[in-house]
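Taking the hints into account, I'd like the entire structure generated from these sequences.
The primary structure of each chain is shown beneath.
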Amino acid sequence: MKAKSILLVEDNPDDVVLTMRALAKSHVANSVDLAGDGVEALEYLFCTGKYAGRDPCLLPQVILLDLKMPRMDGLEVLRRIRADEKTRLLPVVILTTSSEERDKVESYKLGANSYIRKPVDFAQFAESVRQLGLYWLVLNEAP
Amino acid sequence: MTDGLTRVPEASGFRNRDDYAAALLNVVGDLSQEKSRLEELQRASLNILEDFAGEKVRFEETQRAMLNLLDDFASEREKSEAANRGLRVALESLRLAKEDVDSANRELEAFAYSVSHDLRAPLRTIGGFSQVLVEDCDAQLNEQGRDSLHRIVAAVEKMGQLIDDLLNLSRVTRVEMLRGPVDLTRMARKIFEEFRKFHPERQAEIVVADDLVGQGDERLLSVVLRNLIDNAWKFTSQREKARIEFGAAPAGGGQAFFFKDNGTGFDMAFAGKLFQPFQRLHTMRDFPGTGIGLATVKRIIERHGGRVWIEARPGQGATVYFTLAGEPEEREVR
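Line by line, the protein sequences are chains W and Y.
Be aware that the first sequence starts at -19, since it is given in this note's numbering, and climbs by one per residue.
Be aware that the second sequence starts at 21, since it is given in this note's numbering, and climbs by one per residue.
Read the hints as simulated data drawn from the structure, not as lab findings.
Warning: the hint list may mix true and false statements.
Computed list of lysine-lysine pairs in BS3-like fashion (alpha-carbon distance at most 25 Å, straight line) [said to hold, decoys possible]:
1) W/K48 to Y/K178
2) W/K66 to W/K89
3) W/K84 to Y/K178
4) W/K66 to W/K30
5) W/K48 to W/K84
6) Y/K178 to Y/K118
The structure displayed is predicted, hence computed values, not measured ones.
Written out as structure tokens, the structure reads:
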């Protein structure tokens, strides 16, 4: 069975490069799909807009979600994900720059599964993967 | 006239003049009685009129008094209405002032949030890609290139720390306080333990007095203790055997908590600068830091209605004292 993809929702191209690199360094074999902001992320998840042709059954294994984005921010995306029967159990890892307590509190309140401070580094990502019980994600080196 | 009176009119029915005269006299007598009764009546009426006039004067006086009262009442009412208006105006300006403060706070919060996210984003890019160079291109770099890169990474870390500290400083002013008794002894011992674990190579004698309890917000007070312990730990780093003591001492009739160290100390001439953000008394090389720790401590202590001060001598260590409101004799301190 083909490993499900990881959905990275991030608007800053520098952060996209750094996050991709951290994932590669963590030996993540899953393909990474990129959504440039919150609206695009929802289109991807609910197969609307530019993702209208996507197979709705193909949900990502995990969503790495930036908080501060144009059009629709990460908290709103999280709220919509948790409000929909189809997506409400998806693991969501919040990526953020901020050390602001209220972001953390808000995102956990809305049902975020984990929290990684950017730039995403290998150690933090590995810790989140461990916390979420997503060991299978790090499977490049496994036979 | 007499003739007329003494002649008996034929139709009168009197038999003679005498009868007639007697009857006339009777009538006259009756008339004079009537007259005196009338006069009495008139006098009585006059008396009544007089009385009435007196009553009227009194009534008018009463009326005037009542009008005065009404006047007074009206002016009192005006006064109280004016006072009410004044009160309303005062309340309104209070409400406006509160709105101003609230909006200033919201602005500050938005500012801090923006600093937290936006200022850090480019910094993250610099740091992130410098790290890429360190990890992936080390072999291609010569010594100077490697040194430059390490300086960039260190500066990024420093700026990240500055942003964090600044945000913490603004946060301690914004967060809501929940006051209660806080076991400072336990809190300090726990923080000291963390420092020991983090620097197992350090020789330090740590003395924490038993039963130190302060009234305040637990989280904010832990920020105070952490900052003060961090300072004491840092400024004793060049001592062969560091000694840091946390205790309480009488101060101005109340009690002050203190952290006493045998560290590098400083000249008291510069003590005033210590509680200002970004003010440092030592070179970065000797003692790294952002210069925000004590400013943060001061804000927290002041939010608790307390006071913080330092006594030190160069080369002889420093003692930081702080008080917390709620200890009643507090107000008499200096």
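Evaluation of the provided hints:
1. W/K48 to Y/K178: Holds, because 24 Å separates the two Cα atoms, which is no more than 25 Å.
2. W/K66 to W/K89: holds, 19 Å
3. W/K84 to Y/K178: holds, 23 Å
4. W/K66 to W/K30: Status holds; Cα separation ~20 Å.
5. W/K48 to W/K84: holds, 13 Å
6. Y/K178 to Y/K118: Since the Cα atoms of Y/K178 and Y/K118 sit roughly 37 Å apart, the hinted pair is violated (cutoff 25 Å).
Checked against the numbered hints given earlier, this structure breaks only hint 6.
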